[in-house]
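Chains as they are written, first to last, in our numbering: chain A, 1 to 318; chain B, 1001 to 1443.
Think of the hints as simulated: they come from the structure by calculation, not from any bench. Since this is a predicted model, take the numbers as computed values, not measurements. Some hints could be false.
Below, in silico cross-link-like pairs of lysine to aspartate or glutamate (EDC-like), each with a Cα-Cα straight-line distance of 20 Å or less [stated by the list, open to error]: (1) LYS87/A - GLU1316/B; (2) LYS87/A - GLU1321/B; (3) LYS1286/B - GLU201/A; (4) LYS118/A - GLU1316/B; (5) LYS118/A - ASP1273/B; (6) LYS118/A - GLU1030/B.
Cβ-to-Cβ under 8 Å is the rule here; a few derived chain A residues that face chain B [unchecked claim]: (7) SER85; (8) GLY109; (9) HIS132; (10) VAL198; (11) SER202.
Glycine is no exception: its CB is placed at the ideal position from the N, C-alpha and C atoms.
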Amino acid sequence: MKHLLSINDLSKVDAISILDTAQELARVSDGPMKKLPTLRGRTIVNLFAEDSTRTRISFEAAAKRLSADVINFSSKGSSISKGESLKDTAQTLQAMGADAVIIRHSASGAAQRLADSKWMSGSVINAGDGTHEHPSQALLDAFTIRKHLSKGATDLAGLRVAIVGDVLHSRVARSNVLLLSKLGAQVVLVAPPTLLPVGIESWPCQISYDLDEVIASVDAIMMLRIQLERMSEMYFPNAREYSRYFGLNSDRIRAMKAEAIVMHPGPMNRGLEITADAADGARSVIVEQVANGVSIRMAILYLLLAGNQEIAENGVSS
Amino acid sequence: MKNGNYLLTGLTLPNGSKSDIAISAGKITEIAPNLIAAEGFTKVDLAGSIALPGLVDLHTHLREPGKEDAETVLSGTMAAAKGGFVAVSAMANTSPVADTAGVVEQVFALGQSAGFADVFPIGAVTEGLKGENLAEIGAMADSRARVRVFSDDGSCVFDPLVMRRALEYVKKFDGVIAQHAQDPRLTQGAQMNEGEISSRLGLKGWPAVAEEAIIARDVLLADHVQSRLHICHLTTAGGVEIIRWAKARGISVTAEVTPHHLLLTDESALSYDPIFKVNPPLRTQKDVEALREGLADGTIDIVATDHAPHPAEAKECEWQEAAFGMLGLESALSIINQTMVTTGLMNWETVADRMSYAPAKIARYAEHGKALTVGAIANITLINPAQSYRVDRDLVASRSRNTPFHGMDLQGAVTATFFRGLPTFLNGKLASIHEGSPESAGK
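Just chain A, with the same shape it has in the complex (with noise of 0.2 Å):
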């Protein structure tokens, strides 16, 4: 594997692989010499044409950790905000040497454009296009999941994952989706009609639009976002009535199976679509998931860019 663009990239296995990498990388990191020499002289472009904090800082972080040099591009003061095409940006990183390119854009499929391209020959990774995926994302909270529910095993079946609110717009809903359900979880939906894409039979998946129907049913719960700009878009009436239906509360918290679990992707509109104390509270994960986060891309990184056979050499436990 080259490329990491969507989940559909990956098999069941190669799901699996990175969760138990990350597992054992997570290990290293908790001791006392942080840093593994493996990707040492290589060249992690982190591609940010989008703003995002805690997705570019993972990555870096997670690079870093493998001793890869890491040069940062983001939107912001840079010459694509100058009008630079993607094409143009991707030729000026490859003279550079880029060995990987970490790209999040706004675009739908910008990541798998820069891979299918013959701009740039290094791998791509996709942290984050538009409205499609997100796939290390999904492997953080896959990975969040299997280490508090999966009692041992290595997949999730069996168990239920509610992902509530704006699926229309949210890469964090179709990655997770995908990947879930790739792993035998059961994926329930729970939106709004308006939130919900045309087409959406289609996914593997169940849909609710009620969210108390299935809240008590869950042994995860994942809020995604919702945009302040969603609101003169008519998808809901106002703010207060979305929180009513779709908001997650102390109330729905306590309706909830006693090992449940609470996920949000960040950043949160706390009072919105979660209240304070459903954030903070003893089901959070939300915390966890960051550091998650880290693991999962140093093992997307050295699975990518080590291949198999370094790590076997530099072996992780060595």
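Given chain A, put chain B in place with the hints provided.
Quick look at chain B alone, frame taken from chain A:
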């Protein structure tokens, strides 16, 4: 080549009979089997080719004036000749917009001097294609370009009152309004057909209903004011149903379909390659089948290319940044052969109607769309339906290379195009500009 006497041999006429055709001084002089080449005639062996009346395109973007980096009247009509067309209709969305007599006369004159095909300008319905005030429709109709087709193509005439007025106004000179049916509110930021594929790709959907709602409104308006309406590039099964219903009611509506909508589907977008980005978008297989059926049974009157050249940078980018549109002139007849003739849905007489007689009739192009008969102007398109070829974007006559068919094997190759008795395309070559020009035809 300059005397204009040709004997075309080994042909099959649209009705299936074998024949030769003799051409002299721009007219067909004889149609019969086994003709003997008279003195001074150039014999052209076209064994295996079907002879069709010269093709007429009702929907062409020639980009001149304003976007000469993408196409010019000359390069566009060369592409037309290569594709078997003898007349094209230049859409109004140029820069400046063809909304005055001056601009349509300029485009008309450029076509005349290019000499590869007749160029009939289409006038804008509204000033600047803005959908607010009527353009100088009367002045364009009375100009030397004699415009009869008006369209804001690229934009929909969305205001129902403006559409009503336009439909009424063109009755004065038997004109027609060609509507680009797209509800702008339902398609804000739209990128591709809204459905299963767009839901997965995270690309903003362009729903079928945004096309169908406008078609339904406009056939009712055309009925109410008893005027002529033409629907550009129909793409949906529902749209075909509405047109069928309207025709059954006796409403004066005609409709066109593009070759690409008869062949490609929204699954092409899975590549995220914007070469497949077009407006209206590629739809589903179910729509493709309904369009084919509608074209075969006459619900859809004509094939029109919506030839839309774009420079490389408009397509070498992210999907949502890319321009809408694809080349169409050079591959159109091959695709009709492949989708409609080899499938048994249409015979060559029907192809002649959908690509020559009917478009000329809708647009009132008096000298075009005539049956191949002795005495007729020698506008003739020849296609060898058995010959297949691989599309190569580097070999197109158009100035742009944005063909979605690059690398595809198409069946049915245009072997020659005769425009007013002279070959604009023959033996795989376009006439030299000089040979193709009207001056050399001795006019």
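- Given hint GLU1316/B paired with LYS118/A - CA-CA distance at most 20 Å: holds (11 Å)
- For the hint on GLY109/A, just tell me whether its beta-carbon gets within less than 8 Å of chain B. OK, holds: GLY109/A within 8 Å of chain B, min 3 Å.
- Does the nearest C-beta of chain B fall within a distance shorter than 8 Å of the C-beta of VAL198/A? Cβ of VAL198/A sits 5 Å from chain B, so the hint holds.
- Item | Pair hint LYS87/A and GLU1316/B, alpha-carbon separation not exceeding 20 Å | Satisfied, since the Cα-Cα distance of roughly 7 Å is no more than 20 Å.
- Message: Checking one constraint from the list: CA of LYS118/A to CA of ASP1273/B, max 20 Å. Satisfied?
- Response: Status holds; Cα separation ~13 Å.
- Message: Run the distance test for LYS118/A versus GLU1030/B: straight-line Cα separation, threshold 20 Å.
- Response: violated (55 Å)
- Query: Hint check: is the beta carbon of HIS132/A less than 8 Å from a beta carbon of chain B?
  - Reply: Because about 4 Å separates HIS132/A from the closest Cβ in chain B, which is inside the 8 Å limit, the hint holds.
- Item | Hint check: 8 Å Cβ-Cβ cutoff, SER202/A to chain B | Check passed: Cβ of SER202/A comes within 5 Å of chain B, closer than 8 Å.
- Restraint satisfaction for SER85/A [CB to CB of chain B, less than 8 Å]: Since the shortest Cβ distance to chain B is 6 Å, the answer is holds.
- Pairwise hint evaluation, GLU1321/B against LYS87/A, where the allowed Cα distance is 20 Å at most: holds (12 Å)
- Message: Does GLU201/A sit within 20 Å of LYS1286/B, going by the straight-line distance between their CA atoms?
- Response: Distance ~17 Å between LYS1286/B and GLU201/A Cα, so the pair holds.
Checked against the numbered hints given earlier, the structure breaks only hint 6 and satisfies all the rest.
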